[in-house]
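Peer 1: Given next are the chains, with one letter for each unit.
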Amino acid sequence: MPLDENEIRRVAVLARLHLGEDEVARLTGDLGRILGFVGKLAELDTSDIEPTSHVVAMSTPYREDEVTTGGDPDSAITNAPRRDGHYFVVPRIIE
Amino acid sequence: MSAARSYYQEGGFETVIGLEVHCQLATASKLFCGCSAAFGAGANEHTCPVCLAMPGVLPVLNRCAVDYAIRAALATDSTINTNSRWARKNYFYPDLPKAYQITQYEQPYCEHGRVTFDLDGTEHTVRLTRIHMEEDAGKSVHDAHASWSLVDLNRAGVPLLEIVSEPELRSGAEASAYMRKMRSLVRYLGISDGNMNEGSMRCDANVSLRKRGATTLGTRAEIKNLNSFRSIERAIAYEIERQAEILLGGGAIVQETRLWDADRGVTRSMRSKEEAHDYRYFPEPDLLPLVIDDAWIERARSELPELPDARRGRFVTSYGLSGYDSGVLTASKELADWFEAAVAAHDNPKALANWITSEVLRIANESGAEGETDFSQLPFAPEHLAALVRLIDDGTISGKIAKTVFSKMVESGDDPAAIVAREGLVQVTDEGAITAIVDSVVAANTAKVAEYKSGKDKLFGFFVGQVMKESQGKANPASVNRLLKERLDG
Ligand SMILES: [Zn+2]
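In order, the protein sequence lines correspond to chains A and B. When we follow our numbering, the leftmost residue of the first sequence carries the number 1, and every step to the right adds one. When we follow our numbering, the leftmost residue of the second sequence carries the number 1, and every step to the right adds one.
Careful, some of the hints might be misleading.
[Said to hold, decoys possible] Just so you have them, the derived chain A footprint on chain B, three or more residues with Cβ under 8 angstroms: (1) 35-43; (2) 62-68.
[Claimed, not checked] Simulated restraints on C-beta separations: (3) A:Leu41 to B:Gly56: 24 to 30 angstroms; (4) B:Glu298 to A:Arg16: 53 to 59 angstroms; (5) B:Glu334 to A:Leu44: 41 to 47 angstroms.
Derived from the structure by calculation, the hints contain no laboratory data. Positions of the beta carbon are idealized from the N, C-alpha and C atoms, including for glycine.
Required output: the full structure, derived from the provided sequences and hints.
Peer 2: Next comes the structure, spelled out in structure tokens:
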């Protein structure tokens, strides 16, 4: 399946990936071949088949509306590279 | 005159507005984990591995959130889809730990609804495109440091309904009235506190202009961050002006997201969001399809409370109130409940409605925040108002004295009968006492009496006023009128 380099660059931006020019060229080929492989499925005639929205044939399990977790902000921020009290601290979000 | 100007000025503009209302559901716990959904806890107090997006965790759906969502669908005459699907909306933001929001996209649980609302005595109907369920993001705080932002994930995963209207609203006033009705509905349904100050209810407005009579839509701007009725009206008014100016000058509207800046009273472009607009929705593999069968819908329908439109109709037929007063009294569930508690204590609905729509609402609006009517802050109970009206109805006090008693109820919260006894405000019905006052007033105003007798009928009101003043407002007005007439005309 043909992909052009601009599509790869756009996907990289959306995925927050910084790609060098050689990587762009390599991935354009690789990703194109992956899409082509998956694209084989489109050769099947599925016009009479219900769309599959999930591969597990069971119904949704539910929880009752009860508070069972939380109350441990120390654990929540254990792995935070930077913190202020119980807040996560991140580089300033400029809007 | 430019071509653009003459094109739009012929017939003028029509404003086209669609609202996306976000409403936080009043469940105890979050949508997909057991953390508390309550507002106001310490930072990250309400978090767990699921809502912190630790590797390997799985979401489990809160049944109550679906119950509430079904109620909203039923109250808006919507179609409920038996099968609906969860989707991932992908974007990067520090307050979104999974880097996707679980929402509904291609198959929402609810479509094709409608909502009616009243504006200045005219009924409007707006169709709803869809309602879907989704989880909220966390909250970031930007003011604490110059180069850092703080992130609190208590709100991450709290259940929301997004209610999307068709672009059928025509003004900021209509948008605001629609939002009020929506808030009234969710409060009647008991599915949200509808509190806009705490962000439980907020909306985005899609605003565009077109030449009146045109059938295609103009290019729209989406205004975010509207969290009060006043913001909705002001932001839309500003946006209409801005777009009209561009179009009249021959320019084109850019489709973009704009942020309402309440301090400066302007909307401004959020260019930073532009590139992030490709959300790459795809079906959420961690959740099974949502199946809402007829039995569930019927169970929810049988549990629906009386809704504002039905209650309004009942107030007209059972209490003999006007449609307008019934509309005011049923606009909020708290007010309608307050009124009915008063009627239960004293059966004079019309008088109670008059007191509530004038005096009580004024007091309640003064104590509540903007656009909020706060009945919890009223210093007296509905039974006290009922007691006050009973004192008027049985002739203990006059309507005029009742106003005095009412202001003392507001100050002290005391029972009106106790106020009347303490202040000696019982109406004077003793005709001997009133006759004595009439005599003294007549004796003190001989010149006016002569004028009256020579045909100046209008002076009668002056004599009534003098007698009432002498009696400190306590004389029974009917007796005063009759005794004065006998004395002056006899
Ligand atoms: Zn959690």
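Peer 1: Looking back at the numbered hints, which does the structure fail to meet, lowest number first?
Peer 2: Numbers 4, 5 - these are the hints that the structure violates, sorted from lowest upward.
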